[in-house]
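Whole structure, please, built from the sequences with the hints as guidance.
There are 2 protein chains.
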Amino acid sequence: MIYGAIEAGGTKFVCAVSDENLTILERVSIPTTTPEETMKEVFAFFDQHQPNAIGIGSFGPIDVNPLSETYGFITSTPKVAWQDYPFLNEMKKRYDIPFGWTTDVNAAAYGEMKKGAAVGKSSCMYITVGTGIGAGIVVDGKVIHGYGHPEAGHLLVRRHVEDTYEGTCPFHKDCLEGLAAGPAIGNRFETPAQNLPTDHKAWEIEAHYLAQALVSYTLTVSPEKIIFGGGVMKQKQLFPLIYKEFEKLMNGYVATPNLEDYIVPCQLEDNAGITGCLLLAEDALNNK
Amino acid sequence: MIYGAIEAGGTKFVCAVSDENLTILERVSIPTTTPEETMKEVFAFFDQHQPNAIGIGSFGPIDVNPLSETYGFITSTPKVAWQDYPFLNEMKKRYDIPFGWTTDVNAAAYGEMKKGAAVGKSSCMYITVGTGIGAGIVVDGKVIHGYGHPEAGHLLVRRHVEDTYEGTCPFHKDCLEGLAAGPAIGNRFETPAQNLPTDHKAWEIEAHYLAQALVSYTLTVSPEKIIFGGGVMKQKQLFPLIYKEFEKLMNGYVATPNLEDYIVPCQLEDNAGITGCLLLAEDALNNK
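Sequence lines, in order, name chains S and W.
Note that this note's numbering has the first sequence beginning at 1235, numbered continuously upward.
Note that this note's numbering has the second sequence beginning at 1235, numbered continuously upward.
Note that these hints are calculated values from the structure, not bench results.
Keep in mind that the hints are not guaranteed to be accurate.
Where chains are identical, the list cannot tell them apart; a pair therefore holds if satisfied intra-copy or between any two copies.
Stated by the list, open to error - Here are the simulated BS3-like cross-link-like pairs (lysine-lysine), alpha carbons at most 25 angstroms apart as the crow flies:
| no. | residue 1 | residue 2 |
| --- | --- | --- |
| 1 | LYS1478 | LYS1327 |
| 2 | LYS1355 | LYS1376 |
| 3 | LYS1274 | LYS1470 |
| 4 | LYS1522 | LYS1376 |
| 5 | LYS1313 | LYS1482 |
| 6 | LYS1407 | LYS1313 |
| 7 | LYS1407 | LYS1355 |
| 8 | LYS1313 | LYS1435 |
| 9 | LYS1468 | LYS1435 |
| 10 | LYS1327 | LYS1349 |
| 11 | LYS1478 | LYS1326 |
| 12 | LYS1376 | LYS1470 |
| 13 | LYS1246 | LYS1274 |
These numbers come from a predicted model, not from an experiment.
Rendered as structure tokens:
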């Protein structure tokens, strides 16, 4: 049995195939240009390996509602060439096999739950903080899809008292992503985020926004584990600042695990998404 | 087959029994005083009817984590007599039958999904706005329990620009409950909420806070339906104000159903909770 995986990101598509133990046999990275160009290479890869099922975790927003006419589409993405692209349909036309279909961050959350930081749990949240902020959620062992999929990176947050930066989000200006994704940190201090010293004020402000979002997520879905990925979260000095701020904002209202066990870095690092996709391929085959 | 239900609220316990079609055969309302007094009457009711399973929807916070030592307890409630009360254990000691156990608002969400405003959906959110604000969530046909249960009424919100009221929440001062539950509306304008005219500024401020919370919930769990219950939501002029504000805040970022179909009043009204509890009793019996 061969499982296939596509982690479709805004800058690159990672495609992989594994054996039935989820050991990766081969992987390629394909630049995200236009559907024509990118998908040609995706097809070439899977034509060669003939997987029995493929799990897809895609950048979005995507349509995850099986009752919708545009189920399986990438929808209102700012990447113009990919707007309204019927991704899943095109894959199904090419390969008559079962597919898993979710967001890139849901796939990463699923990967971390089954093989990473949340092994043994039945719920978790995965949050990536990089050029954008995205969140995936697993509840009761399954990725969350409701009417659509979570877009929790755009949560509305309260401003840090010392922060006057207007925010970068084209939809909401100063939502979480607008104030706390990598570009916002860089713009606020006119220095790329990774060049700011670890004791810079920037990290206190960043922790304020992230902790606020985690309090909201905890109050809303109460996951057993919150897992951070993405470039910004490589700044490990953020974690203690987030614990402190989370504690202050929650003020003992609901019980959580010890914060050091509750809010953690991802374990699978760059493999979280692809692992989740392989697991979704396995599920798709078992449920077909 | 007889199903039993307990909707355990902060002011009264409603107990009911139904036949297997969920038709209620008898119900009683018992004041919430101390566990000794209240539970004596609860036991008297069920001793008489001998149900085959009982579903409990309780005020909280409660412990819903089956792995916890205090599973089935009411935990840190401000009602001192009920703090750390082993509710489910006491019921199990008395009756050797299957039990369902969740929050009052989760039970109401489940009732509305199976028999009310969200029939045919697999996910929904139920929000009650009264003396407090509570929210229950059903995802993929099941009420959400993670590490704990949702307490989404305490979401941190941004202030309405004209609102200087400090907020009533003993934990967070100006969280959603602190700014938008019935007592906050009344205190802000020194007039009981129900006496304020329908075109009073109060409702615009109220809609601002509720819409903000709904945007956060939608971005986080993307339910197929959001259902409002509780005394404050009998002010029907709130609904169009909420639609307007929701639209403004979301700014087209994620697709939702038409707002008039998405954000609706509850259908079962005062029976949502008890119906959900009966359904949980039925589930408990089927899964035992």
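Going through the hints against the structure:
1. LYS1478 with LYS1327: For LYS1478 and LYS1327, neither the intra-copy (51 angstroms) nor the inter-copy (42 angstroms) Cα distance is at most 25 angstroms.
2. LYS1355 with LYS1376: The answer is both: 11 angstroms in one copy and 17 angstroms across copies each meet 25 angstroms.
3. LYS1274 with LYS1470: For LYS1274 and LYS1470, neither the intra-copy (39 angstroms) nor the inter-copy (54 angstroms) Cα distance is at most 25 angstroms.
4. LYS1522 with LYS1376: Classified as both; 16 angstroms inside a copy, 22 angstroms across copies.
5. LYS1313 with LYS1482: between (39 angstroms within a copy, 24 angstroms between copies)
6. LYS1407 with LYS1313: within (19 angstroms within a copy, 42 angstroms between copies)
7. LYS1407 with LYS1355: This pair counts as neither: shortest intra-copy Cα distance 35 angstroms, inter-copy 33 angstroms.
8. LYS1313 with LYS1435: Neither. Shortest intra-copy (33 angstroms) and inter-copy (42 angstroms) distances fail the 25 angstroms Cα cut-off.
9. LYS1468 with LYS1435: Result: close within a single copy only, 17 angstroms intra versus 46 angstroms inter.
10. LYS1327 with LYS1349: Neither, since 31 angstroms and 39 angstroms both go past 25 angstroms.
11. LYS1478 with LYS1326: neither (48 angstroms within a copy, 40 angstroms between copies)
12. LYS1376 with LYS1470: neither (29 angstroms within a copy, 36 angstroms between copies)
13. LYS1246 with LYS1274: Within one copy, since 14 angstroms is at most 25 angstroms while 65 angstroms is not.
Checked against the numbered hints listed earlier, the structure breaks hints 1, 3, 7, 8, 10, 11, 12; every other hint is satisfied.
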